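S.K.: Work out the full structure, taking the sequences as your base and the hints as a guide.
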Amino acid sequence: MSPPAHDEEEPARSGRWWRGLTGSLAMGLAVLAVIFVGGELIALARGTEGPGALPVFGHVAGAALALGAQVVVDRRRGPAAGVAAAVVLLVIAAVLWFFWWS
1 MSPPAHDEEE PARSGRWWRG LTGSLAMGLA VLAVIFVGGE LIALARGTEG
51 PGALPVFGHV AGAALALGAQ VVVDRRRGPA AGVAAAVVLL VIAAVLWFFW
101 WS
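Just so we're aligned, residue 1 is where the sequence shown starts under the working numbering, counting upward by one.
Hints are computed from structural coordinates only; laboratory data are not their basis.
Treat the hints loosely; a few may be bogus.
Distance windows between CB atoms, simulated [what the hints assert, rightly or not]:
1. Arg46 to Asp74: 33 to 41 angstroms
2. Glu49 to Arg16: 41 to 49 angstroms
3. Gly47 to Val83: 39 to 47 angstroms
4. Arg16 to Ile42: 37 to 45 angstroms
5. Val37 to Arg77: 33 to 41 angstroms
6. Gly68 to Leu96: 17 to 25 angstroms
7. Arg77 to Gly47: 27 to 35 angstroms
8. Ala80 to Arg46: 39 to 47 angstroms
9. Ala45 to Asp74: 32 to 40 angstroms
10. Ile42 to Phe98: 35 to 43 angstroms
11. Leu96 to Ala43: 18 to 26 angstroms
Bear in mind the structure is a predicted one, so any value in this text is a computation, not a measurement.
Yeah, the Cβ is synthetic: ideal placement off N, Cα and C, and Gly gets one too.
M.R.: Pasting the structure below:
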């Protein structure tokens, strides 16, 4: 049995770089979502105002979408991985736009 071709072993350097970037951004959004949930729970326990339900839901939903798209980025090659990487970037941009800059 012959060893797999080099293309099948690992993605090209640029592919690894993009996968690393989008993976880091998706995980960062997931960490931020956990922080928002924790902040809301602490605020509820103390009886103070927290971030609110909409920003918490937006961050959790955005993180779920970004992580789901990142799974596709990590497992696929070619146009499918490119579209999924674009979805990760667009979801992160949307969360930043709607919950941080507006």
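S.K.: Indicate, hint by hint, whether the structure satisfies it.
M.R.: Against the structure, the hints come out as follows:
1. Arg46 to Asp74: 33 to 41 angstroms: holds (39 angstroms)
2. Glu49 to Arg16: 41 to 49 angstroms: Between Glu49 and Arg16, where Cβ atoms are some 43 angstroms apart, the hint holds.
3. Gly47 to Val83: 39 to 47 angstroms: Given about 45 angstroms between the Cβ atoms, the range holds.
4. Arg16 to Ile42: 37 to 45 angstroms: Taking Cβ atoms as reference, Arg16 and Ile42 lie about 38 angstroms apart, which means the hint holds.
5. Val37 to Arg77: 33 to 41 angstroms: Holds - the Cβ-Cβ distance for Val37 and Arg77, about 34 angstroms, lies within 33 to 41 angstroms.
6. Gly68 to Leu96: 17 to 25 angstroms: This hint holds: roughly 18 angstroms between Cβ atoms.
7. Arg77 to Gly47: 27 to 35 angstroms: violated (52 angstroms)
8. Ala80 to Arg46: 39 to 47 angstroms: holds (46 angstroms)
9. Ala45 to Asp74: 32 to 40 angstroms: holds (37 angstroms)
10. Ile42 to Phe98: 35 to 43 angstroms: violated (23 angstroms)
11. Leu96 to Ala43: 18 to 26 angstroms: holds (22 angstroms)
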